[in-house]
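All chains, full assembly: derive it from the sequences and hints.
Below are the chains, spelled out letter by letter.
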Amino acid sequence: MDFLRNAWYAAAWGDEIVPGSLFRRTLLNTDVLFYRLRGGGVVAMDNRCPHRFAPLHRGKLIGDQVQCGYHGLEFAPTGVCAHNPHGDGRLPARATVRTYPVRERLGVTWIWMGDPALAEVAAVPDLSGLDPAGFSVNKGYIFVDANYELVSDNLLDSSHIAYLHPDLGSESVTQGNTTIERVGDAVRVDRFMPGERLPRFLDMVYGMNGQLVDRWLEVSWQPPAVIEVRISVAPAGSVRADALQRPTYHLVTPETDWTSHYFWSSSRDFRHDDVALHGMLQSGIARVFETEDKPMIEAQQETVGRFDMGTLNPIPLVGDGGVFQARSILRKSIAREAAARAGGGDNRSAVAVGRSG
Amino acid sequence: MDFLRNAWYAAAWGDEIVPGSLFRRTLLNTDVLFYRLRGGGVVAMDNRCPHRFAPLHRGKLIGDQVQCGYHGLEFAPTGVCAHNPHGDGRLPARATVRTYPVRERLGVTWIWMGDPALAEVAAVPDLSGLDPAGFSVNKGYIFVDANYELVSDNLLDSSHIAYLHPDLGSESVTQGNTTIERVGDAVRVDRFMPGERLPRFLDMVYGMNGQLVDRWLEVSWQPPAVIEVRISVAPAGSVRADALQRPTYHLVTPETDWTSHYFWSSSRDFRHDDVALHGMLQSGIARVFETEDKPMIEAQQETVGRFDMGTLNPIPLVGDGGVFQARSILRKSIAREAAARAGGGDNRSAVAVGRSG
Amino acid sequence: MDFLRNAWYAAAWGDEIVPGSLFRRTLLNTDVLFYRLRGGGVVAMDNRCPHRFAPLHRGKLIGDQVQCGYHGLEFAPTGVCAHNPHGDGRLPARATVRTYPVRERLGVTWIWMGDPALAEVAAVPDLSGLDPAGFSVNKGYIFVDANYELVSDNLLDSSHIAYLHPDLGSESVTQGNTTIERVGDAVRVDRFMPGERLPRFLDMVYGMNGQLVDRWLEVSWQPPAVIEVRISVAPAGSVRADALQRPTYHLVTPETDWTSHYFWSSSRDFRHDDVALHGMLQSGIARVFETEDKPMIEAQQETVGRFDMGTLNPIPLVGDGGVFQARSILRKSIAREAAARAGGGDNRSAVAVGRSG
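Residue numbers (the numbering used here), protein chains in the order written: chain G, 1 to 357; chain Y, 1 to 357; chain Z, 1 to 357.
Calculated directly from the structure, the hints in this document are not laboratory data.
Among the hints, erroneous ones may be present.
[Unchecked claim] Here are the simulated DMTMM-like cross-link-like pairs (lysine to aspartate or glutamate), alpha carbons at most 25 Å apart as the crow flies:
(1) K332/Z / E181/Z
(2) K60/Y / D2/G
(3) K60/Z / D167/Y
(4) K60/Y / E302/G
(5) K60/G / D145/Z
(6) K60/Z / E298/Y
(7) K60/Z / D145/Y
(8) K294/Y / E74/Z
(9) K294/Y / D2/Y
(10) K60/G / D167/Z
(11) K294/G / D2/Y
(12) K294/Y / D31/Z
(13) K60/Z / E290/Y
(14) K60/G / E298/Z
(15) K294/Y / E255/Y
(16) K139/Z / D308/Z
(17) K332/Y / E120/Y
(18) K294/Z / D46/G
(19) K60/G / D15/G
(20) K139/Y / E290/Y
(21) K294/Z / E74/G
(22) K60/G / E292/Z
(23) K294/Y / D46/Z
(24) K139/G / E218/G
(25) K60/G / E302/Z
(26) K294/Z / D190/Z
(27) K294/G / D46/G
(28) K60/Y / E292/G
(29) K294/G / E74/Y
(30) K60/Y / D145/G
(31) K139/Y / E255/Y
(32) K294/G / E255/G
(33) K294/Z / E298/G
(34) K60/Z / E302/Y
(35) K60/Y / D167/G
(36) K60/Y / E290/G
(37) K60/G / E290/Z
(38) K294/G / D46/Y
(39) K60/Y / E74/Y
Printed below as a string of structure tokens:
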């Protein structure tokens, strides 16, 4: 399976990469080693010593260098072999580990697994809702035993809420006004549900005491699989600017062709000091993803088998426009990259995707 | 692997399909959803919503319709989409799930996975020994991690009893008079063991108090894998019409190429009210199948690997004629079906197999 | 994957094949049954009845014959069917199981899985360090989820000791004087470490009380994967003839292309009656192999994937000459065998490998 290469992928929540320790995660079928420099930056390199192919995460960190646990070769943050303890200590030619550009922004560690020359720092997604200055943030990680696009599909399509998530939606979701819009390589699916009564859990979260509300779900997808779902809730008939805001992020990164890393967050601009609410959101959101979305997406994958769903002629409903547009944009972006590679390696002329808003 | 398609396969014991709930079973490599109509009949359809390929068994039953658990589409017993909760509610064209003919007879749920036009009700196997009017019935289900023909082989060949089942047979089995007969597409293997002393367990079952008995084992196989083993026991020298009768059924249905569903039953026409005997038979038979036949058949499959055993040149013994005939009949029936399909879809001229009696 | 066929492979420690019982082990992708004759010798034959392919280890031993557990055919130590309990008892033609030459020497059961005509008894490895007359012997068995050559590589390369085994070596190992020598089809890698201080565990083993010692590690590999590591330790500056000797053997046999049997032993010519030392060596060596070598080798295999490492262009260090030579010799030996087979079956002209000393 071809992945989009020239794009920033979420590799980890920053706090998963603990100072002084080696962190391993497979991304895009590639086993990657991460560690944190003493200065705070993060290094990503192939998790494989070029000598005998031992995985480097079984070694140890010595200052800013990683020492292979099998024969003790040490590699600098650039991936170059910097110490050979054997014989005369000469550094073996070619003994270099491939490294990957990494950037951290607002608690997310991003990796670029394509042409390093195209890795624009400006294109690192700017998820402003993760800024602790304005928001209280819940977040988590879920492993999904399914292709990453099935996770994107799920998020681009809020029409499933009434059926898969009885605690989060009712028929107002299926009847809401939906608009689908393409903005460059991004897709927006907005759904407006005026004058509905919130399910009990959400009514508690927003403190609406059972009154009728207006609710907006604004989904923004950008390649490869960076999704914001901005939820706004206000008493029915209010001015929208007064609505309570919950920007949520859903960063999906392929582990392999058929498995995915799913980093989720949920931020709120209200009730910052409500510790009980914070805990309830943490466990409630994790429960919904773990026990409702993940099992359904994995069951879908099992039913689809090892095929690209897009090739199997699914029957579209009215709300599926966003799903189809996103899949189409991604296919074209991947094909464009392949064509640029085939065209003589002049990758620099290819347009990097992933630039945020 | 090609399976015989135009035939009735045992899909379930009827009581496995509980009113009000969805039942999933893979048959012939196909994931099938079963449910019971309010009127009592059983519906079978592909366990896959045509919208986003969610498995339908994760949804729920609403009256006689199944509602997909992902986006709420509802399907009628005919497989046609009957309700779309989204947008204007228009029913999407092509949104139809494939259904399969089903019939129930004497507690067995049978499915026809070939051309529906060829599904003759008269051909549903009539397992008269399951009729509670004449018999007390024990029954069970065993999953076998092996190809279904290995299970048929095992049943067609009672010569293994003395070795695999020390509680059920002795050398009288290997020395019994055996006749092998072909009747249409069915195969009969009869074995008569005159004047033998029964093993202890069987002596108890038949209440023979250690006296010499005559025993008949009559095995009847019909394609694809419907097997009756009728056991008759009488004091040595009795008139056969006076023998105690135990008709047993062994219905084997491929789950996949390499795994099988095995439905077994054992009926008796004597000691109907003996609760202790009934319980002893239930646990005793299940124990023999689970701890003796199943492990040996699975070990055989492991040794054979993923090959059709018939292609591996096994060395036949005197008692294997039935096994070879059944395998040959099945190969020819499958080839005949394939030829009929290739011949322009005029499937109706093909002869349906599976007609009982 | 082609294995060297005309060679003796360690199949088992002799005491694994217990009189009166059937022992199964897969070797070179072949399921083999072992049992011990009443006279003490060991029989090895394909673990598969030619009748219905039941694995014979599910049967039982009757005198010197194995009885299949499915239908009771009995096979003699030559593999010929010797008893058929069915019908007239005629022995079916072709009902012969393939057998393999076996020899036992000093507690090791060796098997020859190539052309039996080439199986020279003189070529059975003579591991004199296993002779209880001169040595106290610890030994064990480890299953390794990796190709057997990765295990050989690990043993041919003592430079890893300082990193993978902190209890067994220090930087003196990486700086020791190393010589690599080819002797016929065998490879020797000797490392001399003069005037080092032993790690605590080894200091205890040799009773050196912290004084400086001279240490020699002499590794001898012969195809396919029979390795001796002879360790000698003496107070620094001693005459070598006075050193304490620990010959250790490492017999690696492919189970499948990607899994291995690893038989290890460690003998000593000192402190024979020291029961505490004996126990400490047994658990200490097993712990090092199980928790240090095995996990690293398996991690290496996982990283390499299902490729022959030699084809992946690993970057050599100064100590890797032995590894590369051994791999090259093995490749050539296997190719020579293949050429001999292709050349018309005149296998007898091929030179058997594995001749010891």
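Margin query: Which constraints among the numbered hints does this structure fail? Numbers only, ascending.
Written below: 2, 11, 16, 27, 33
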